[in-house]
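Kindly generate the complete structure, drawing on both the sequences and the hints.
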Amino acid sequence: MRKPYRGVLPWIALACASPAPPQPASGDVGLLDYSAEVTPGGTVYIRMSEPLLDVLVTVDGEPLDEPLWSNDDASNHLFRLPGALVPGTPELLVFSGEQPLAAAPLHVELPWFERVEAQTGLQHRHDPEGTELGCLQSLTALAFLDVDGDGDLDLFSGNDDTESRLFENQGDVDGDGLVDFARLELGLSGLGRVASASVADWDNDGDSDLFVGRRGANYTFENRLIPDGTPGFVEVDLGLSSHAQRTMGTAWGDFDGDADLDLYVLNHHWCFPGRRTPNQNDQLYRNEGGEFVEVSELLQGEALDDYGFTGIFVDYDLDGDQDLMTIQDHVGVEDSAGPNLLWVNDGDSFHPLPTEAGYSVPVDPWGKGANAMGGDIGDLNHDGRPDLAFSNIGPNFVLLSDGTDFVDVTSEWGARHDVQPWGTNSITWGVLLADFDNDADLDLFFSAGALVLEGGLPQPGVYLENLGGAFVDRTWPAGVDSPTAGRATALVDLDGDGWLDFLVANWDDEVEVYRNRLGVNSDAHWLMVDLVGDGVHVSRDALGATVSVETDDGLRHTCFRNPRPSLSAAGDPVCHFGLGAQDHVDEVRITWPDGTEVSVDPGGVDQRIEVAY
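Throughout the sequence shown, residue numbering follows my numbering, covering 164 to 776 in sequence.
These are calculated hints, taken from the structure and not from any lab test.
Please read all numbers here as calculations on a predicted model, not as lab measurements.
The C-beta atom is built at its ideal place from N, Cα and C for all residues, glycine as well.
Restraint-style ranges between C-beta atoms, simulated for each label pair:
(1) 315 <-> 749: 26 to 32 Å
(2) 345 <-> 749: 37 to 43 Å
(3) 633 <-> 566: 22 to 28 Å
(4) 236 <-> 313: 53 to 59 Å
Right, dumping it as structure tokens:
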């Protein structure tokens, strides 16, 4: 699919981008800014030079419905466009009564990401009815896992007040090119107050087990597919704490190198702002043959009582063991919650990377740090090291690693998104760092949404296209401009076409399923590499492995296998490589978590391959 107007920002001043409007009477207001690149069924934003209470907007003569939102002084408005709008350049007119105030051209293209929750059977709504009043919470969860061992991914969707849902992937039943899902039970019915979910084969038996973090006691469910021959979940006691807490995330990895998966649990404030609980501290657990023993004392520091959201085990310094990146809600000095921390694995214990290394965003003079919620890692500059992107209330962050220190390149690379066009502070949550357009560099998507207590201030998702070390905001042409309350996000290739799709769980709204349509009429290539450990030398999930490919243009692409937590979620851990115009790869290089290095001939591109230890 052609990407229109490459290099042009989506917010365009009228004087630079549109024909002269109808001449208004002296003193009437005019249009200052608007979103020029729009999609059918998407939104269009306009900003007036002065308040306009009685506003009517037409597109090619057809009036739009009442604004989805207008700010308090009625100078900013957000409208929904008709779903039947066809690609082209219709004219937008703004009226007050019958008086035309301004005219501007729109550039309508089909969205890069198509909403398909209804077509896939995944249409359902998040229910927050029982949320405790006065608490700023984020109780949503998404987790992809192969429940029935048939090779495709099913979906667990956590809920707050009502029961969570499990969906079985049935393949393309109706022949429309999309997979179809149907509800399952399998022992997970009636599960509410879900704040996060993660997937790990912690017993190394070859099937996917499920960890459910809650506002309350957490649950661990063992999949009985392998021992019983039929899929089904049974709650098991693994020695993990049963204290009531609000678990926002987990990190799975093999930090001690014994071929089974250990666990770090991230907990936030029980009710923020307000009550803490004695059980709020994060916990580190060592897996000892399927039973978990708390070893939090291995973390040398006093940061376990901070407000954790997301964690990822990864060998950041490439010394052969798995370190721990944490994303934390840094709410200021008085509340004692500290910044993001990177715990460096010393073999027998962990020490926090010093603040001066650049991973932790320090407190500013007003006592506020980064209110980080979600994070994702990837090799942004092709140097073989894990870089980091994370969300925030306010400006998001992109950090490059040199193996020791981190450098904030957010502004330099054009990835800073700090305010919405109407002046509202940006509030981003889940983060996906992935090559959505398969052009050989990593793009960024952030789910966005107002804090629950703030009301209806619109927060469209944020899509930043990477143009080779320079990001450009493509939120509106991408079609992710829905002004919802986005929280958990999960990355997956739903239709198996090699073009990555994703889901967004919205607070008190429908779950959004975005199908990637950038591959239509594109010649870009891709390769996906899945890994399976033997359960003896390497855990069955092979988390912590590194996969790399090098193409004829000299670019090296590196993937760090992890559960893709983003925020409160679990995506597909498969390593995906966008290759651009490169139509072959000579070898795939794998460094397994135990240090074993192998090279594999993939046998071609534009396919998903599996490599076993």
